[in-house]
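Trainee: What follows is each chain in one-letter form.
Protein chains: 2
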Amino acid sequence: MTTPEENKLIYYVKKWVNITKDDESAILSAFEQASIRKKKDLLVPGEICKYNYFIIKGCIRTYYIDDKGVEHIYHIRFDNNWVGDLESFFSQKPSKYYIEALEDTQYIRISKDRLDQLYDEVPAFDRYFRILFQKAYVNTLKRLNANMWEPAIDRYKDMLKEHPDMFQRVPLTYIASYLGITPESLSRIRKKNNQ
Amino acid sequence: MTTPEENKLIYYVKKWVNITKDDESAILSAFEQASIRKKKDLLVPGEICKYNYFIIKGCIRTYYIDDKGVEHIYHIRFDNNWVGDLESFFSQKPSKYYIEALEDTQYIRISKDRLDQLYDEVPAFDRYFRILFQKAYVNTLKRLNANMWEPAIDRYKDMLKEHPDMFQRVPLTYIASYLGITPESLSRIRKKNNQ
DNA sequence: AACTTCACTTGACATAGGTCAATTTTATTT
DNA sequence: AAATAAAATTGACCTATGTCAAGTGAAGTT
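So the protein lines, in turn, are chains A and B. Taking this note's numbering, the leading residue of the first sequence gets 1, the next gets one more, and so forth. Taking this note's numbering, the leading residue of the second sequence gets 1001, the next gets one more, and so forth.
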């Protein structure tokens, strides 16, 4: 009944909260499984973000395009991570973002209504997301701090250390945007770092 | 039994989740009320952040001091907001931050153990914090975006618009740090903005 | 009221990183 | 394999913001 794909979510939920067998099946039945091909969009600006996505395997980026036509990347996420435009998802108002697959990607997804239902059915799931958001918030504060007060080369070295896989799987242009610099600057930083 | 101070918290909790009268008293009994004078610290680096604080009235900043001795301000918060070093609070490991009163401040506080208890007693409180962290996360992403991709003058104008009170209550030096610039730059930006 | 400290402003100069344009390298498509 | 497109590099130059130092003003303290 439960595929290995879905069980990956259960595995990660159990890392943080206790759930019963009943909870497990309630959770699993709330998700749909799907996949998307490289370069295709899960969401484009103007659309409402109807789902919250959990990546089983693959790579997803979220970004927006500013007035001058420049892309700015918020997130690049791999296996076993959540993605979505939370703001649009929770308000059910149109999004400003693109959510795009950078690799062929398998995911599971849950709609807002279904998630709200699930929160009522399985209070532990409320707690799971409380913990998840808490961690996401702390991490984003750290990223903010690094972007405000650390030079780009330190942010680059940090990423090399924390996410070496990123450089295998994602073009440098995207990594540059995620780090808050231009591709040219990243190129120069890498050159300096290799000498 | 319940003072007006404590009821402010209940008022804000009720904005987001439904709670019973029993829940209300469970919540209220979990908090202690206290106050702190201007320029005094709720937390200094090396200490564990034992409490999460809800400001009833006053102003609190959180900041750290870098290797070069420069202060960097994360948050400046007024009445009806939460403050604390979440990372230290949840891990119960030593903090890197100062949490300091910028005005004489009344607050209520809750310890980690008591909060964990409360989450079990009142599942709605879990949900309340889920929603709170979710919002904090989205807001921090916006702040990150602004700091990465918008010029300082836009961030300044934004603050003028969204938090005009800030300029009444907080020295410009602190506002500059919060905006991610030096006091000198803020001074020049303000000059330019007035002409 | 005088003293001291802190907050703010201004100027001269420095620098990290951005911009634009050309070139090379790598990947994708036919 | 050739053709095309996309990604990455490099150089010359620019700009926003930082740094350091001096000066003025405002606020808190004795």
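Note that these hints are calculated values from the structure, not bench results. Check before you lean on any hint, since a few could be wrong.
To be verified - Pulled a few chain B residues facing chain A out of the computed Cβ check, cut under 10 Å:
hint : residue
1    : LEU1141
2    : LEU1144
3    : HIS1163
4    : PRO1164
Said to hold, decoys possible - Straight-line distance between alpha carbons at most 30 Å, and here's what the computed DSS-like set of lysine-lysine pairs gives:
hint : chain 1 : residue 1 : chain 2 : residue 2
5    : A       : LYS39     : A       : LYS93
6    : A       : LYS142    : B       : LYS1021
7    : A       : LYS112    : A       : LYS142
8    : A       : LYS68     : B       : LYS1112
9    : A       : LYS21     : B       : LYS1112
What the hints assert, rightly or not - Computed footprint of chain A on chain B, listed as stretches where at least three residues anywhere in the stretch have a Cβ under 8 Å from a Cβ of chain A:
hint : region
10   : 1115-1126
11   : 1152-1161
Think of the CB as a built atom: it goes at the ideal place given N, C-alpha and C, for glycine as much as any other residue.
Trainee: Was the hint right that HIS1163 (chain B) lines chain A, CB cutoff 10 Å?
Mentor: It is violated, given that the least Cβ distance between HIS1163 (chain B) and chain A is near 17 Å, above 10 Å.
Trainee: Next item in the hint list is PRO1164 (chain B). Is there a CB on chain A closer than 10 Å to its CB?
Mentor: 23 Å, violated
Trainee: Is the interface hint for LEU1144 (chain B) satisfied, with its Cβ closer than 10 Å to some Cβ of chain A?
Mentor: 5 Å, holds
Trainee: CA of LYS39 (chain A) to CA of LYS93 (chain A), is that 30 Å or under?
Mentor: 24 Å, holds
Trainee: Just to be careful, I want the Cα atoms of LYS21 (chain A) and LYS1112 (chain B) compared with a cutoff of 30 Å; is the pair within it?
Mentor: 29 Å, holds
Trainee: Would you settle whether the hint for LEU1141 (chain B) is holds or violated, based on the nearest Cβ-Cβ distance to chain A being less than 10 Å?
Mentor: 6 Å, holds
Trainee: Between LYS142 (chain A) and LYS1021 (chain B), is the straight-line Cα distance small enough, at 30 Å or below?
Mentor: 38 Å, violated
Trainee: Please count how many residues of the region 1115-1126 of chain B have a CB within 8 Å of a CB from chain A and say whether that reaches 3.
Mentor: holds (count 3)
Trainee: Is LYS112 (chain A) close enough to LYS142 (chain A), meaning Cα to Cα at most 30 Å?
Mentor: Holds: LYS112 (chain A) and LYS142 (chain A) sit about 28 Å apart, inside 30 Å.
Trainee: For the pair supplied as a hint, LYS68 (chain A) and LYS1112 (chain B), confirm whether the alpha-carbon distance does not exceed 30 Å.
Mentor: Violated - the C-alpha atoms of LYS1112 (chain B) and LYS68 (chain A) are around 47 Å apart, more than 30 Å.
Trainee: Taking beta carbons only, do three or more residues of the region 1152-1161 of chain B come closer than 8 Å to chain A?
Mentor: violated (count 0)
When held up to the earlier numbered hints, the structure conflicts with 3, 4, 6, 8 and 11 and fits the remainder.
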